[in-house]
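Peer 1: The chain contents come next:
Number of protein chains: 2
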Amino acid sequence: MIGVLWSFLDTFESNFRPLVVVELAKGTKKETIEWFTKRIVDKKANGGAQLLVKPLVTEKGEENIYLVGASHLRLLLGAETVGLVKECNDNSMRTFTYSSRKTFRDFADDNHNFLTMAECQYIIKHELENLRAKDEKMIPGYPQAKLYPGKSIVRRLLTSGILVQIFPLHDREELKKLRHSWYGRVKVGYQPLDEIRCYFGETIALYFGFLEYFTFALVPMAVIGIPYYVFAWEDYDKYVMFATFNLLWSTVILEVWKRICAIVTYRWGTLLMKRQFEEPRPGFHGVLGINPVTGREEPVYSSIKRQIRIYLVSLPFVCLCLYFSLYVMMIYFDLEQWALDYHEENESNFSSLMLFVPSIIYAVVIEIMNRIYRYAAEFLTSWGKKVVYSSSLNTNNKYFYLQFNFLNCFASLFYIAFVLFDMKLLRQSLATLLITSQILNQFAESLLPYWLQKRHKKRMKKRMSSLKTDTDLTLVEQINLEKEMGTYFGTFDDYLELFLQFGYVSLFSCVYPLAAVFAVLNNITEIYSDALKMCRVYKRPFAEPTANIGVWQLAFETMSVISVVTNCILIGMSPQVNALFPDSKMDLILTVALVEHLLLAIKFIMAFVIPDKPRDIQIKLAKLEFESLEALKQQVRATDM
Amino acid sequence: MIGVLWSFLDTFESNFRPLVVVELAKGTKKETIEWFTKRIVDKKANGGAQLLVKPLVTEKGEENIYLVGASHLRLLLGAETVGLVKECNDNSMRTFTYSSRKTFRDFADDNHNFLTMAECQYIIKHELENLRAKDEKMIPGYPQAKLYPGKSIVRRLLTSGILVQIFPLHDREELKKLRHSWYGRVKVGYQPLDEIRCYFGETIALYFGFLEYFTFALVPMAVIGIPYYVFAWEDYDKYVMFATFNLLWSTVILEVWKRICAIVTYRWGTLLMKRQFEEPRPGFHGVLGINPVTGREEPVYSSIKRQIRIYLVSLPFVCLCLYFSLYVMMIYFDLEQWALDYHEENESNFSSLMLFVPSIIYAVVIEIMNRIYRYAAEFLTSWGKKVVYSSSLNTNNKYFYLQFNFLNCFASLFYIAFVLFDMKLLRQSLATLLITSQILNQFAESLLPYWLQKRHKKRMKKRMSSLKTDTDLTLVEQINLEKEMGTYFGTFDDYLELFLQFGYVSLFSCVYPLAAVFAVLNNITEIYSDALKMCRVYKRPFAEPTANIGVWQLAFETMSVISVVTNCILIGMSPQVNALFPDSKMDLILTVALVEHLLLAIKFIMAFVIPDKPRDIQIKLAKLEFESLEALKQQVRATDM
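From first to last, the protein sequence lines stand for chains A and B. Position 374 (the first sequence) corresponds to 374 in the UniProt record's numbering; numbering is contiguous. Position 112 (the second sequence) corresponds to 112 in the UniProt record's numbering; numbering is contiguous.
The set of hints was computed from the structure by calculation and includes no laboratory data. Don't take each hint at face value.
No copy labels: a pair is met if it fits in one copy or bridges any two.
[Said to hold, decoys possible] Derived DSS-like pairs (lysine-lysine); straight-line CA-CA distance at most 25 Å:
hint, residue 1, residue 2
1, K458, K177
2, K43, K454
3, K43, K424
4, K623, K585
5, K176, K44
6, K398, K134
7, K26, K483
8, K44, K585
9, K457, K38
10, K258, K613
11, K258, K176
12, K585, K134
13, K623, K86
14, K457, K483
15, K151, K43
16, K398, K137
17, K151, K102
18, K38, K134
19, K44, K424
20, K86, K398
21, K54, K483
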């Protein structure tokens with residue numbers, strides 16, 4: 001039945017709306033372009049993507065940029081293919097199918113806003129990526145670019161350098177509205193998450209949702225932390241109280257986030273969307289096989305070979321990096337000692353300022369090392385591949401990178417706390433590291449690229465204005481601007497920043513209660529600078545449906561468990577607590593161990609008791625599952641009778 | 001369509017096979033019997049159960065026992081109602097529906113063994129329990145037994161004492177075969193789990209599967225433990241090794257059990273069976289409401305009221321029991337002291353034997369207290385209700401009972417270990433408690449009831465033999481025998497026994513490595529005595545589909561975490577380890593704490609890394625989910641076009 005619809009579908013439509021830009025290398029052979037565009041336009045039955053393509057004629061008459069769009073009907077059929085979940089008229093969320101389109105809220109045959117632009121672009125990306133070689137042995141015109149049945153054409157074009165990039169187009173009108181409601185005016189209130197989701201997709205909206213939630217969640221810690229600084233409280237019982245509150249609070253906020261996440265992604269439909277049934281990303285190598293779940297023919301990936309390669313290549317590299325990072329740490333301690341000696345010899349304002357210099361230098365070096373490690377890891381993974389529209393860090397390397405960052409940032413603090421036992425240095429070092437890294441990050445991630453981007457735009461505009469004759473020029477101008485913008489490589493780095501910040505706040509919270517205050521201040525500006533980055537600095541990223549923050553939930557929870565241990569040890573080491581047990585160090589340690597075990601037990605019980613999904617979402621999910629199974633029964637019945 | 005089938009279904013069938021026995025109180029009014037049997041026989045459309053009923057005519061002409069059966073077609077339709085999952089011809093597991101019956105393996109219209117007898121009885125139980133009042137205000141003939149729309153009739157009959165019991169009938173032939181292959185011959189090998197499942201249902205088969213698995217899993221511990229006893233090893237490093245092995249091993253076995261459980265229950269179909277979509281058990285009170293998941297009208301239960309009642313009634317009771325149990329423990333320590341004094345004063349063989357007497361007495365008292373607590377808790381829950389065919393301990397009370405048992409059994413051991421620091425007494429007390437409780441349990445659970453049952457049977461047989469004239473006599477005889485047999489109240493007590501045994505083995509494993517040996521020996525006889533109990537002592541229980549061992553998985557895992565802590569402390573306290581740190585107790589404690597944290601971390605990582613379900617089961621489950629969602633799409637499409 002769907003088959004009939006596909007053949008009805010015409011590739012011509014009068015009101016062509018460009019959605020995605022395909023940039024080919026300059027001087028790409030004619031036959032290649034013809035073959036590629038034909039495959040994009042070709043009917044599904046012939047193995048094409050059945051999309052619309054239009055060349056962008058620039059002032060120089062060059063034809064290396066193509067605009068891809070699709071008819072409304074094509075997009076609706078694509079929405080069914082990717083399994084979008086939409087709200088029905090009866091308020092339930094259901095997987096969209098073309099034939100049941102009338103049951104969906106806000107659906108009308110002439111309502112072109114039923115699918116958001118981000119969704120349309122996601123569909124087109126999915127279709128382009130799934131354009132697979134049939135019996136071609138190579139890309140026409142490029143005998144060295146081999147193809148085999150089932151190989152993603154776009155992927156091969158990218159790796160052989162013929163295709164420079166694919167990116168979705170900004171919608172100037174929408175973007176202006178979004179910018180205004182997001183950060184355009186000074187206001188107290190939440191971010192427009194639903195609008196962000198419509199424009200940038202669920203992954204990015206969820207990141208901003210988490211950033212906002214996390215900032216609010218830190219406020220109580222910050223409020224409780226301020227008097228410790230103002231009144232210079234040093235009583236042990238107050239520190240114990242603060243640490244205990246922090247530890248239990250962090251458990252609560254992480255559990256509550258799961259619930260909020262479920263509510264939000266249920267509304268967005270991604271909670272019900274099944275990722276595992278999707279066809280593998282075109283990045284996968286391998287020959288065609290049968291997917292055991294869906295029964296569809298698709299490329300199968302051998303994961304053992306990949307695992308071995310990762311361990312053989314990555315492990316020695318990681319060890320090397322770790323060694324280097326520890327070496328740098330030792331240099332930092334030497335510097336610190338030198339600064340201290342200097343301060344003792346010639347005590348002055350300058351020398352006491354100098355005390356902070358080693359920490360600041362170390363913080364800068366850490367940031368630089370993190371970035372170098374990142375690029376090196378990416379180079380190792382991609383190794384001869386050309387990657388353009390998504391970060392090449394795969395999951396395993398992300399774990400390595402995460403651990404490396406963790407050690408890089410916290411090794412010195414652990415060393416100071418548990419080897420040197422120097423609480424004053426720990427506090428000073430913690431503060432300097434936290435503040436320096438925050439300033440550096442905000443500068444390197446948003447402000448610097450923004451400034452570069454602005455300068456570039458000005459130059460472009462100057463060049464363009466003299467040629468404003470073609471009616472299409474604004475589009476050409478826009479595309480020329482956007483294609484030079486940087487690429488946003490996903491939310492990994494942004495989450496990592498939050499993760500490290502959470503470490504600074506919670507691992508040593510009883511030593512430096514003010515950390516939460518700095519974290520809150522940073523995050524408020526972070527929301528704005530990240531928003532600026534998304535709207536102004538980078539190319540528009542493709543939307544990526546997601547139902548949760550993935551591995552980060554586990555990472556934050558692990559950090560929260562580790563911080564129970566560190567805080568208990570720190571409190572046990574504090575002189576105030578030691579003074580309570582003048583006779584026996586043993587009693588002290590036993591008490592600390594007992595308290596730690598109690599706290600851990602409470603944490604686990606709390607995590608167990610608080611349900612991950614609110615009751616009404618649980619019921620809705622169970623209802624859908626029940627209906628699915630009933631439908632399966634009915635279907636078997638119908639086919640059999 | 002199903003509706004049409006229901007009306008075709010005739011309630012008369014020539015070859016009536018009795019499946020379930022309904023015993024009414026003697027002297028039940030005629031009109032009540034007529035009404036009840038009519039409701040059982042009545043068509044589904046009239047609110048009946050559409051089953052077959054036949055009175056059992058005994059020698060005295062009394063008519064208080066009824067046999068319930070069902071036609072083959074009725075059972076198949078019932079299998080669809082309860083959602084049985086069966087294997088298809090293509091080896092996949094699917095929810096059975098009558099219309100798709102031909103696609104299922106071994107299905108034939110004349111094959112009456114497609115459903116096992118246990119499944120048939122489960123279906124009949126389900127149908128009887130779901131026989132609900134329509135507009136009756138009371139049970140006819142008993143104005144005090146009130147009814148309201150939706151109230152389970154069987155439940156009201158039970159609580160008002162009109163219905164004495166409902167139980168499934170044994171199948172002598174099958175039982176004989178099962179007994180033979182289960183414990184009838186001496187053999188080395190596994191239990192016939194699939195046959196047990198066919199006869200007794202999944203819950204009981206899974207218990208025996210777990211018992212067997214657990215016994216095998218204990219063998220390595222036992223093997224490693226024996227030389228400690230034989231060579232009287234007291235080196236600390238050997239104990240550390242043994243404890244470390246134990247702790248990691250217990251994590252592995254619990255994780256592997258989940259995988260085995262998934263494999264087994266997938267084959268049985270219960271892994272796919274959805275319990276949460278079932279209608280609530282007739283035990284629930286309350287008025288009719290709409291189930292938010294299935295959209296069906298069914299009794300809704302207010303859980304807040306129940307919670308409050310539980311806490312108001314149960315908590316003080318539990319506290320009282322705990323106080324009493326601690327009081328008994330103190331008396332035990334006095335006795336122990338007295339025995340020790342006696343032994344020191346007059347040293348002889350008799351006095352050294354006397355040393356064990358307090359522990360043995362205490363073990364007996366613990367068992368008695370556990371049972372008293374159990375009956376008291378059941379009395380508190382049921383309070384004026386008459387419960388016959390299932391244990392009345394609800395989930396919350398089960399938790400209380402579990403905790404009470406745990407404290408009752410282990411409080412004295414914890415006290416000896418961590419307050420008295422007396423390792424010798426701990427070992428002696430542990431050994432006595434473990435062995436005494438095992439002997440007592442085997443005796444009280446299986447052998448004593450078996451002996452009583454045998455005596456009763458002999459007496460019955462003697463009485464019967466003189467009257468052997470009626471052709472139906474063997475059935476009458478069988479029913480008269482079975483209705484007097486004890487009722488098996490579910491696997492809770494059996495699992496509890498294993499759980500406490502696991503505690504004895506793992507909590508103090510480094511003190512008494514021989515515990516695992518006793519556990520293995522006990523479990524081997526336990527399998528036989530439990531099998532005897534199921535086949536010979538108790539009434540046949542109704543089958544209960546289940547996909548896992550439920551809360552016991554969590555209970556065993558928690559025990560395994562607690563034992564990491566206890567073992568680390570015990571090792572830290574041993575004189576051998578103390579001798580390694582002659583200068584500083586602090587270093588000792590810190591080392592112990594470090595090792596403990598490492599072990600806990602390894603445990604959690606292992607539990608995280610080992611997948612709960614084998615990959616092929618995961619794929620099969622994902623495939624079913626995928627097909628369900630596809631079917632839902634198709635269905636919406638079909639209804640809409």
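Peer 1: Reference check for the pair K151 and K102, CA-CA at most 25 Å: within, between, both, or neither?
Peer 2: neither (36 Å within a copy, 41 Å between copies)
Peer 1: How would you classify K43 and K454 at a CA-CA limit of 25 Å: within, between, both, or neither?
Peer 2: neither (42 Å within a copy, 80 Å between copies)
Peer 1: Please work out whether the CA atoms of K258 and K613 approach to 25 Å or closer within one copy, between two copies, in both situations, or in neither?
Peer 2: both (7 Å within a copy, 24 Å between copies)
Peer 1: If the cutoff is 25 Å on CA atoms, where do K86 and K398 land: within, between, both or neither? Let me know, please.
Peer 2: neither (32 Å within a copy, 43 Å between copies)
Peer 1: Evaluate K44 and K585 at a C-alpha cut-off of 25 Å and name the case that applies: within, between, both or neither.
Peer 2: neither (76 Å within a copy, 76 Å between copies)
Peer 1: When no copy is specified for K54 and K483, does a C-alpha distance of 25 Å or less occur within a copy, between copies, both, or neither?
Peer 2: within (17 Å within a copy, 84 Å between copies)
Peer 1: Please work out whether the CA atoms of K457 and K38 approach to 25 Å or closer within one copy, between two copies, in both situations, or in neither?
Peer 2: neither (34 Å within a copy, 87 Å between copies)
Peer 1: Between copies, within a copy, both or neither: which fits K43 and K424 at Cα up to 25 Å?
Peer 2: Answer is neither; intra-copy 70 Å and inter-copy 83 Å both fail.
Peer 1: Classify it for me, K398 with K137: is the Cα-Cα distance of at most 25 Å met within a copy, between copies, both or neither?
Peer 2: So K398 and K137 fail the 25 Å test inside a copy (34 Å) and across (67 Å) alike.
Peer 1: Go through the copies and call it for K623 and K585: within, between, both or neither, with a Cα cutoff of 25 Å.
Peer 2: neither (58 Å within a copy, 59 Å between copies)
Peer 1: Regarding K457 and K483, is the shortest C-alpha distance of 25 Å or less found within a copy, between copies, in both, or in neither?
Peer 2: Within. Shortest intra-copy distance 12 Å satisfies the 25 Å Cα cut-off; inter-copy 91 Å does not.
Peer 1: How would you classify K398 and K134 at a CA-CA limit of 25 Å: within, between, both, or neither?
Peer 2: neither (34 Å within a copy, 62 Å between copies)
The earlier numbered hints that this structure contradicts are 2, 3, 4, 5, 6, 8, 9, 11, 12, 16, 17, 19, 20.
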